[in-house]
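Enquirer: Given chain A, work out where chain B should sit, using these hints.
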Amino acid sequence: MKKIQVIIDSKKIDCLEGQTILKVAWKNKIKIPALCYHSDLKIKANCRMCLVEIKGKKGLYTSCSTRVEPDMEVTTESAKINRARKINLELIFAQHCEECDDCIWDFNCQLLKLADKYGVDKARFPNRKKGYPVYQFGPSLIFDSSKCIDCRNCVDVCHQQGVDFLKIKEKGHLFQVVPTKNEKKDCIYCGQCIVHCPVGAFEAVGEFEDVEKPLQDKNKVVVFQFAPAIRTSIGEEFDLPRGSIMTEQLVAGIKKLGVDKVFDTCVGADFTTTEEANEFAEKLEKGTTPCLTSCCPAWVKFVEFNYPEFIPNLATTRSPQVILGGLIKTYWAKKENIDPKKITVVSVMPCVAKKYEIKKEELEINGIKPVDYVLTTRELAYLFKKYKIDLAKISPQKIDDPLGIPSGAGVIYGASGGVMESALRTAYEKMTKTELSNVKFEQVRGAKGIKKAVIDINGKSVKIAVVNGIGNAKKILEELKENPKLYDGVEVMACFGGCIGGGGQPVPADKEIRQKRAEGLYKIDDKKEIRLAHKNPIVKKVYKDFLNSEEIIHSVCHTSYSPKKREVKI
Amino acid sequence: MTKDIIAKLKENELLGRGGAGFPAGLKWEMVKSAKAEKKYIICNCSEGEPEVFKDGFILENYPKDIVNGIKIALETIDNSSAYIYLRKDYFDKFKSKLEELIKGLPITLFKKTGGYLSGEETTIFAAIEGKRQEPRIKPPFPPQKGLFGYPTLINNAETFYHIAKIAKDEYKKTCFYSISGEVENKGVYELPKDWPIEKILKETKNFPKFGPSADEASFFVQAGGGVSGEILLPNELSQPVKWLRAIIVFNREKTDCFALMKKWVNFFLENNCDKCAPCREGVYRIAEILEKNKINKQLLNDIFFVLEETSFCALGRAVVVPFSSLIEKIL
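Protein sequences appear in the order of chains A and B.
Sequence positions in the first sequence follow the working numbering and run 1 to 570.
Sequence positions in the second sequence follow the working numbering and run 1 to 331.
Warning: the hint list may mix true and false statements.
[As the list claims (entries may be wrong)] Quick look at which bits of chain A chain B covers, simulated, 3 or more residues with Cβ under 8 Å: (1) 75 to 85; (2) 162 to 174.
[Unchecked claim] Straight-line Cα separation of at most 27 Å, DSSO-like style, residue types lysine-lysine; simulated pairs: (3) A/Lys283 - A/Lys474; (4) A/Lys58 - B/Lys297; (5) B/Lys262 - A/Lys169; (6) A/Lys528 - A/Lys433; (7) A/Lys129 - B/Lys263.
Calculated directly from the structure, the hints in this document are not laboratory data.
Idealized CB from N, CA, C, for every residue including glycine.
Bound conformation, chain A alone (with noise of 0.2 Å):
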């Protein structure tokens, strides 16, 4: 693209040309508001708030779908343009039935705030949208109609995930955002409708309400866990810089609750990736490949749902929080000689599909289910601030022994290509019996929506695929499908980025607040001494220990899948 020099505001700004103003604009931190443009999703111009006026035409122009030319002159505030925002906005109030006590958004309220920037009588018109319908999606998702402004972001952001559970549907003169009732279609608890709804119409169930319940339990022994992804994104939740790295302040705010203890998940990440090296290196060595991941609740849902035959490639490995939290409830317990009954684990995830992950039976050791609640890293944050713990100012503290301390390999489990990359640094290790001289799998990380690597292991070419927003898992499943030697390792993230652009993330998220996020936990990893999930010292330990029979192993790191049916009702 050709550099050119366009004025917005009158301030002279170096571009390229075909970039559109918005862009240009935010890029220069000239502020222009907009409702329905998410950089992750096509341009729809349906919100008509991001207006401007432009040298020499007449009218005004969306910034947001027209494009730069040289020399072109931009005004993005005018009393035309302020007076314009002012009615669309009221127009737009009167379709959104707001809960702002109750609202992902909070104090970060777009609507809100551009309402008190251009005047906007918020009750001008009588809200139409009073008595929409309220629907819950499993136990993870809860979508209140009442507040949708149409912009169509959901129904987007649902088909560019390759699942089509939101839909367009005409009702009288008007349309409704709806879920399906395609038997055929179900939605996956991605949550990325969550992330990419402007206003709040999308949250977790339990979202914030039920919030303090795992505090409830007054005779337990609360115990909570944190995910991978959950330190370089709750900081922006008290306005610190993206992918600032909080790990002893969330332990210091967890423990300031009245939790007893805390661990983490990135130690439960380093038993799942020691488990899924085994699968991956048998698999390998019996020529049963492809193996694919299956730490992604939402890509384990997709698969089971509209790929059942792929089902035989999941790894059996569980996840990293139902690892931690089935160790706590047996290792842990025993050592300390508490009754597994009376403990209760809390995970901190930055992901709505856990809320179902911890429902499945199967994963239950003894009847005693490993994690009793999960929590979005923005309940926590409600949490926080409900009890005014401020993370920005509070005193680090230390994570509790013995299942605090990861290593950097559990770390980078959530982005994107980490849980790969883990594996790789182990597999690598026990296949070839030397060490790795250099950890890093750079193929592997990064934003694109497929990754695609070849490793050298013992003289064997293996082929890797990675692949974050789980539209894209559809063309390698296909691909697969066609020829099952086409790669011999998939991992799958169902969220932009792996789980840091998770569906219980802080609103809002994009590539570029995604990526710092991401780079966070990578310069965790980077000053690990210890970067390899098996050589993590509580893992030898624990294997010495306790999982030393193929029994034990089985019942707390292995799962198993069966093909399902839609599991929504409408």
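Expert: Using the frame of chain A, we list chain B on its own:
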């Protein structure tokens, strides 16, 4: 003959007759020069507005000229095939006649499924592609990327009729007027394209005579479209008709303005696509205001402002004209 058709279109200054009035020669040239492995031609006979029925008239009386116009386009534009996009009733009525005329030609008849909005050109692409009928972001314009992403020439039925005439050097700079309402000789008339409304009404013996005397204020006219047209007073009839060239005459005494506006707004409610906030919500709120049979001018003006200034497509912008002109001039 076909070699210099584009030059001839330019020479005759033919403007598209679908409403927007884009120079036909330029449009043809753009599609012809676009680089693509295949191209599409669409003849738009969607005619969605009430009181506009000239395309139906041309289909009835001059279908051969329409098909000839399309044929010339097929010959002019390499690797092209065509669709005739027909309103439901036109499809049913003219299907067999058209099928006979297009025999052996790469032309497909397509039955329209949506309402008014499906006259918007990019909406027609969505309809043929089987997608939700709503307009797309322009650019890219149809000559660059149209139907199924290929360069597309889309012209109205009347435009193709005149193109056939131009090819035979028989074009007389006429156009077709739909005249209706409180008139004696309702119908479609082919007359010079720049005649003033008054002259058209008089020439077709439709100039109103009602009222105790030929009082200036005894009638008004809606000109342009059957819903989207502008309200004009008797002293404003020295101008030609714009847009869809419909003329509807109203007896001022007999007309219930609120009923008329409700009719219009219901038409927009039912036929807009609801894609963009100002048109979806704005039209809804106009209907709500009219229900009260009382005009809140400030509120209406605000809605009109965003409809005109911020609607996604031309049809949203066109909502305002009838209401604002009626309220200003008649109420």
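Enquirer: If a hint holds in the structure, say so; if it doesn't, say that too.
Expert: Against the structure, the hints come out as follows:
1. Look at the region 75 to 85 of chain A against chain B: 3 of its residues bring a Cβ nearer than 8 Å to a Cβ of that chain, three or more, so the hint holds.
2. With 3 residues bearing a CB less than 8 Å from a CB of chain B, the region 162 to 174 of chain A meets the requirement of three and the coverage assertion stands.
3. In summary, the hint linking A/Lys283 to A/Lys474 is supported, as the alpha carbons are separated by about 22 Å, within the 27 Å threshold.
4. For the given pair, A/Lys58 sits about 25 Å from B/Lys297 by alpha-carbon distance, which is consistent with the 27 Å threshold.
5. Simply put, B/Lys262 and A/Lys169 have alpha-carbon atoms about 25 Å apart, close enough for the 27 Å limit, and the pair holds.
6. For the given pair, A/Lys528 sits about 22 Å from A/Lys433 by alpha-carbon distance, which is consistent with the 27 Å threshold.
7. About 24 Å separates the Cα atoms of A/Lys129 and B/Lys263, which keeps this hinted pair within 27 Å; it holds.
Violation of the numbered hints given earlier is absent; every hint is satisfied by the structure.
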